[in-house]
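Undergrad: Sequences are here, hints too, so could you generate the full structure?
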Amino acid sequence: MKDITQYVPFSESFFLQPTLVLAEALLGCLLIKETEEGIASGYIVETEAYMGPEDRAAHSFGNKRTKRTEIMFSEPGFVYTYVMHTHCLVNVVSGPKEKPEAVLIRGVEPVDGLELMKKRRNIEDLKNLTNGPGKLTKALGITIADYGRHFSSLPLFLAKGITPDKVSRGVRIGINNSGEARNYPWRFWVTDNPYVSRTRK
DNA sequence: AAGCCGATGATCT
DNA sequence: GATCATCGGCTTT
Numbered sequence: 001m002k003d004i005t006q007y008v009p010f011s012e013s014f015f016l017q018p019t020l021v022l023a024e025a026l027l028g029c030l031l032i033k034e035t036e037e038g039i040a041s042g043y044i045v046e047t048e049a050y051m052g053p054e055d056r057a058a059h060s061f062g063n064k065r066t067k068r069t070e071i072m073f074s075e076p077g078f079v080y081t082y083v084m085h086t087h088c089l090v091n092v093v094s095g096p097k098e099k100p101e102a103v104l105i106r107g108v109e110p111v112d113g114l115e116l117m118k119k120r121r122n123i124e125d126l127k128n129l130t131n132g133p134g135k136l137t138k139a140l141g142i143t144i145a146d147y148g149r150h151f152s153s154l155p156l157f158l159a160k161g162i163t164p165d166k167v168s169r170g171v172r173i174g175i176n177n178s179g180e181a182r183n184y185p186w187r188f189w190v191t192d193n194p195y196v197s198r199t200r201k
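Note that the first sequence covers residues 1 to 201 in the working numbering.
Honestly, the hints are just simulated from the structure, not real lab data.
If you're wondering where the values come from, they're calculated on a predicted model, not measured in any experiment.
Any given hint could be a false lead.
List time: in silico PhoX-like cross-link candidates among lysine-lysine, alpha-carbon distance up to 20 Å [as the list claims (entries may be wrong)]:
no.	residue 1	residue 2
1	K138	K119
2	K67	K99
3	K97	K67
4	K127	K138
5	K64	K97
6	K118	K138
7	K64	K99
Just the calculated beta-carbon pair ranges, DEER-fashion [to be verified]:
no.	residue 1	residue 2	range
8	L16	I162	16 to 24 Å
9	R182	I162	27 to 35 Å
10	D3	R56	39 to 47 Å
11	D165	V21	13 to 21 Å
12	L16	T66	20 to 28 Å
13	G62	E124	42 to 50 Å
Don't be surprised by glycine CBs; every beta carbon is placed ideally from N, CA and C.
TA: Structure, rendered in structure tokens:
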């Protein structure tokens, strides 16, 4: 097991880039969570941008401000977790303060804590361990308790990983009931990476 | 590939 | 109290 001190969290300035640029820049970055059970981490291989007021698919569409979306209105780099059916999903808040944008993390390639992740997911099959937004949060131990943390500090943070060979871009997954927004090409993934969740339903 | 449906909390009325 | 959602696992073609 690696020592968590070998990883240097990104500083707050990393998150100061336009949301669509950040969404692509996050590909290859290492997402790390430390708990009492140990460290688990993975390279991000799939993201989606949610562009706030003008994006019907975003929780913050029309500047909707609720207890849940409140964190989206703060400075970039904060952790936005929320519950979807029986799963917890994790977003990186982006855009300047008062601009409620975010990047959903949809897939990671396992790096540290393989056994821990298998145990949490209760499966052995590597291919299905972290290839989906609900799967990776369970594998990494990310929960709604992480809401409001910042990705620049422990126990949940982002750090330099690898540079993807090739990146693909296309429409987002699972937002079919959002009119025009369903066709916006705001999904990014590492081309041909096996931990990308799926092609569109 | 496609369809069913579980089971949860925030939000709406 | 009802509705709905950035899903996943399982079953059926």
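Undergrad: Among all the numbered hints in the text so far, which are the ones the structure does not match?
TA: The structure breaks none of the hints.
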